[in-house]
Amino acid sequence: MLQAGEWAYSETLKEHFMNPKNILQGENTDDFDGVGMEGNLQCGDQMMVVIKVDKEKDIITDCQWKTYGCASAIASTSVLSEMVKGRTIEAAFNISPKEVAQELGGLPDNKIHCSVLGDKALRAAINNYYTRTGQEDKVKQEQVKIVCQCMNITDHDIEDAVLEGARTYLELQERTKCGTVCGQCKEESEALLEKYKHIHFGA
Amino acid sequence: MADMKVYFDHNATTPLHPEVKKEMIASMEMFGNPSSMHAFGREARANVEHARQQVADFIGAKEQEIVFVGSGSEANNTVLSLFVCASSQCSPCSKRNTIITTKIEHPCVLETAECLVHRGATVKYLDVDRYGKIDLDQLASLLNDNVGLVSVMMANNEIGTIQDIATITRMVHENGAYMHTDAVQAVGKLPVDVRTLGVDFLTMSAHKIYGPKGVGALFVKQGIPYCPLIRGGHQEHGRRAGTENTLGILGLAKAVEMRAIEMPAEEERLLHLKQVLQQGIESSIDHISINGHPTDSLTGTLNVSFEGVEGESILLYLDLEGIAVSTGSACASGSLDPSHVLLATGVDAEFAHGSIRFSMGRDTTLQEVEYLLDVLPRTIQKIRNMSTAYIKGGLHAASR
Numbered sequence: 001m002l003q004a005g006e007w008a009y010s011e012t013l014k015e016h017f018m019n020p021k022n023i024l025q026g027e028n029t030d031d032f033d034g035v036g037m038e039g040n041l042q043c044g045d046q047m048m049v050v051i052k053v054d055k056e057k058d059i060i061t062d063c064q065w066k067t068y069g070c071a072s073a074i075a076s077t078s079v080l081s082e083m084v085k086g087r088t089i090e091a092a093f094n095i096s097p098k099e100v101a102q103e104l105g106g107l108p109d110n111k112i113h114c115s116v117l118g119d120k121a122l123r124a125a126i127n128n129y130y131t132r133t134g135q136e137d138k139v140k141q142e143q144v145k146i147v148c149q150c151m152n153i154t155d156h157d158i159e160d161a162v163l164e165g166a167r168t169y170l171e172l173q174e175r176t177k178c179g180t181v182c183g184q185c186k187e188e189s190e191a192l193l194e195k196y197k198h199i200h201f202g203a
Numbered sequence: 001m002a003d004m005k006v007y008f009d010h011n012a013t014t015p016l017h018p019e020v021k022k023e024m025i026a027s028m029e030m031f032g033n034p035s036s037m038h039a040f041g042r043e044a045r046a047n048v049e050h051a052r053q054q055v056a057d058f059i060g061a062k063e064q065e066i067v068f069v070g071s072g073s074e075a076n077n078t079v080l081s082l083f084v085c086a087s088s089q090c091s092p093c094s095k096r097n098t099i100i101t102t103k104i105e106h107p108c109v110l111e112t113a114e115c116l117v118h119r120g121a122t123v124k125y126l127d128v129d130r131y132g133k134i135d136l137d138q139l140a141s142l143l144n145d146n147v148g149l150v151s152v153m154m155a156n157n158e159i160g161t162i163q164d165i166a167t168i169t170r171m172v173h174e175n176g177a178y179m180h181t182d183a184v185q186a187v188g189k190l191p192v193d194v195r196t197l198g199v200d201f202l203t204m205s206a207h208k209i210y211g212p213k214g215v216g217a218l219f220v221k222q223g224i225p226y227c228p229l230i231r232g233g234h235q236e237h238g239r240r241a242g243t244e245n246t247l248g249i250l251g252l253a254k255a256v257e258m259r260a261i262e263m264p265a266e267e268e269r270l271l272h273l274k275q276v277l278q279q280g281i282e283s284s285i286d287h288i289s290i291n292g293h294p295t296d297s298l299t300g301t302l303n304v305s306f307e308g309v310e311g312e313s314i315l316l317y318l319d320l321e322g323i324a325v326s327t328g329s330a331c332a333s334g335s336l337d338p339s340h341v342l343l344a345t346g347v348d349a350e351f352a353h354g355s356i357r358f359s360m361g362r363d364t365t366l367q368e369v370e371y372l373l374d375v376l377p378r379t380i381q382k383i384r385n386m387s388t389a390y391i392k393g394g395l396h397a398a399s400r
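Quick mapping for you: the protein sequence lines, in order, are chains E and Z.
Note that my numbering gives residue 1 to position 1 of the first sequence, counting from 1, and the numbers run on in steps of one.
Note that my numbering gives residue 235 to position 235 of the second sequence, counting from 1, and the numbers run on in steps of one.
Chain Z extracted, bound-state conformation:
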């Protein structure tokens, strides 16, 4: 039954691209510290700087604007933490201590923002509409002289909704604030050019685009105030201490190189697979709703709520059939609250508990989608058969 192993969780992480794997294996013996002056060090340095150039080119940045970091979370923590520094040494940050972000950011932004409040910052959270788009009028009404930073994710990890970062950035800059976008789910999936977007900071990560885990990059526009989160070394021009993760960095560079080649043709294919999946679900299962924006959305991401069924049980029944998905249900998160993203879009809590995210990638095939469409309807039916959600009229009688 579970002979087939199919992976519909690419927004969580992706398998290594074979070319990335090859590159990393070939570099395994390059152990020199890029900071060392001898030949071992110089070899590593040359490779790291070549990688930096590749990553910069991929997003339209200059080489010196790329800071290699340990994860997307680290990059996001770094940017937010810049803006509540009370030190008089630290240029414009201290005077403008309001941060605006959204209700649908990744927890690494939301929890950092919460922590900054205890350090004296004011944080305001933008609402989103039912498709997950922020309201530009609300943003305009919140922008004022106290706002130092606006941080809006480019593409949402749970529902795939894409924001208009270029327009948001223009508004933010007119107000004299800095703009950050968490583009972890966007870079490598849709065209991202930092000049077109105009952003001051941009976060990206390797493992979402077939690169290794434990490495990401932060774009910091030249001339923008900056303060390292991790201190104690001159690496990354003093912007991020710690000996470079050379293998990871080479993996990241190879990953973006492959994305540049494969991404253009992939978009249409993924969009087709998503349509097949969505239509297949809509035609075989009733009482469902699609979450996220109908058009401005990641091509490989489909988020669906199934009425009357709890998400963790769907996830685990699918797992038994070899299918990997994720859910916005509270039970799967270890907390008692369902997905904050879905709740922010106004989805009813019951529907949030019953949500499943299917995220596809370069290796997803039509055959896999068909297998999923074969298994899913009977899985939902099985759970609905044992669900209390369909007991009509009996509820009040039963409870007393």
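The shape of chain E in the complex, shown without the other chains:
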């Protein structure tokens, strides 16, 4: 329950929104080793993440960003930019939207969509770094496939939900919220549901 005068967001989120960390000043990205951009202005959210890399140790030493987005987008990318510093590229690449949301003290369901662009832009920046440094072989495609774009539900999330007991589309929606906004992913989600039921339970 929301108390009187309380935000719909956690205190951590509010703090990162009020004082966002690591915003890229100006437009110049020449000093950075990787640049990633995701989303577009027409859809109401766009994100740019830039990174500096210690090439000997493959560690991210700096991460800055800019966004056209709402409070959740601003706060989640602010948190993400703090989380990745000092991590190896590999570890940074594998940070999930879920971890970012946890670090923020949770996000309202209808805001999860807004918070994922930061991760996507970070992965784009890492791939851009690999390309620039002649390591094309390391460029990774999205390892997980996002099935529900609105709620950012991946095939892995659907598999997890099946493992946790979802057997029908409604149960899947209850657990993951997939398909609860625009509903366009229903067919694909149902197919994955059947697939994972078959794989794990022979059903």
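Some hints here could point you the wrong way.
[Claimed, not checked] Within a straight-line C-alpha distance of at most 30 Å, the following computed BS3-like cross-link-like pairs (lysine-lysine) qualify:
| id | chain 1 | residue 1 | chain 2 | residue 2 |
| --- | --- | --- | --- | --- |
| 1 | Z | 5 | E | 14 |
| 2 | Z | 133 | Z | 103 |
| 3 | E | 85 | Z | 103 |
| 4 | Z | 382 | E | 21 |
| 5 | Z | 382 | E | 52 |
| 6 | E | 120 | Z | 382 |
| 7 | Z | 5 | E | 98 |
To be clear, the hints were calculated from the coordinates, so they are not data collected in a lab.
Here the structure of chain E is known, so what remains is to put chain Z in place on it, guided by the hints.
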């Protein structure tokens, strides 16, 4: 920093007028059911009927033409639902099952219309121009023998644009259809007289004009076919079942009484404040655009799009400074689409995501407008500093 609390969201709802509050508190102990024959009931009945007379007088209607309802949404649902009744008992409605409305109506009209399509109605939506005005030629081309009802909002809640309801009504009547206007944002803000307008149905609400929430009124012209949405009681002459919200109704009546006194002088003052606000924004912030009609618009409503910034972040940064506004951004609505009203006016989606509505009212002061003008430019600058919208040339290079 947030010591100052300023409210620029009067189109969402308004604070109770002190006189309304006084009236309602004084009536708190009047608990009788207006339908009861004993003294308790008779007292409540007398008060409700007095209120009905006041509301009727305020919009130039007869007392028996006023139906008290629970909200503007209920009134709009009631009117639209009249026109797809398939019952042979229900006079002219079934034969003409096309409804014409506009693309900029409140969701309670648009969603009801959508639902009526599943019940056999045909619904056509009028376009609007860049200022939010409907095209009368398009209306003329759509009017035919199948059209039973035309529903056009009088003043738009988001951009404030006012339609010429009297002219629209004449066209609709010449075609033999009925005319409804959702006047929730108009009644109490500009002169509204149902005879001058000529409408058959008109919706109004208390909480937009310093009355309580949960009460509104539907004007139904005498002799017009009618069918209740809520059945099971003889209240409101069988037009709306449910024990009357006596306190709310008295609050509504007091609210219109106060509007009649205060509205005439307020219009000029609000227009001045709007000009100060608009000029202040135009002179201190670049790359903006004003949405809505330059003259045929609610005096207290100003809708502005800020390039390169997303509306929800503006709203929340202003909230931290004690300023309450609303936005047409998708993010604030919980859906993924920005304001349907702005999109209908042809505003680019990016500009719709970056729109803010400032709506002022009787309690808004020049000092508050100045405070807003002090905070707003630096808020926009702060967000633009972190915005990707101004990265030139880097976009394609960055994405691959």
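Given pair status - residue 103/Z, residue 133/Z, alpha carbons within 30 Å: holds, 11 Å
Proposed proximity, residue 52/E with residue 382/Z (alpha carbon, max 30 Å): holds, 25 Å
30 Å Cα cutoff - pair residue 120/E, residue 382/Z: Holds - the C-alpha atoms of residue 382/Z and residue 120/E are around 24 Å apart, at most 30 Å.
Proposed proximity, residue 103/Z with residue 85/E (alpha carbon, max 30 Å): Cα-Cα ~48 Å, so violated.
Hint consistency between residue 382/Z and residue 21/E [alpha-carbon to alpha-carbon, up to 30 Å]: Since the Cα atoms of residue 382/Z and residue 21/E sit roughly 13 Å apart, the hinted pair holds (cutoff 30 Å).
Distance restraint between residue 5/Z and residue 14/E, which requires alpha-carbon spacing of 30 Å or less: Between residue 5/Z and residue 14/E the Cα gap is close to 19 Å, so the pair holds against 30 Å.
30 Å Cα cutoff - pair residue 5/Z, residue 98/E: Judged against 30 Å, a Cα distance of about 36 Å means the pair is violated.
Taken one by one, the earlier hints fail for this structure at numbers 3, 7, listed in ascending order.
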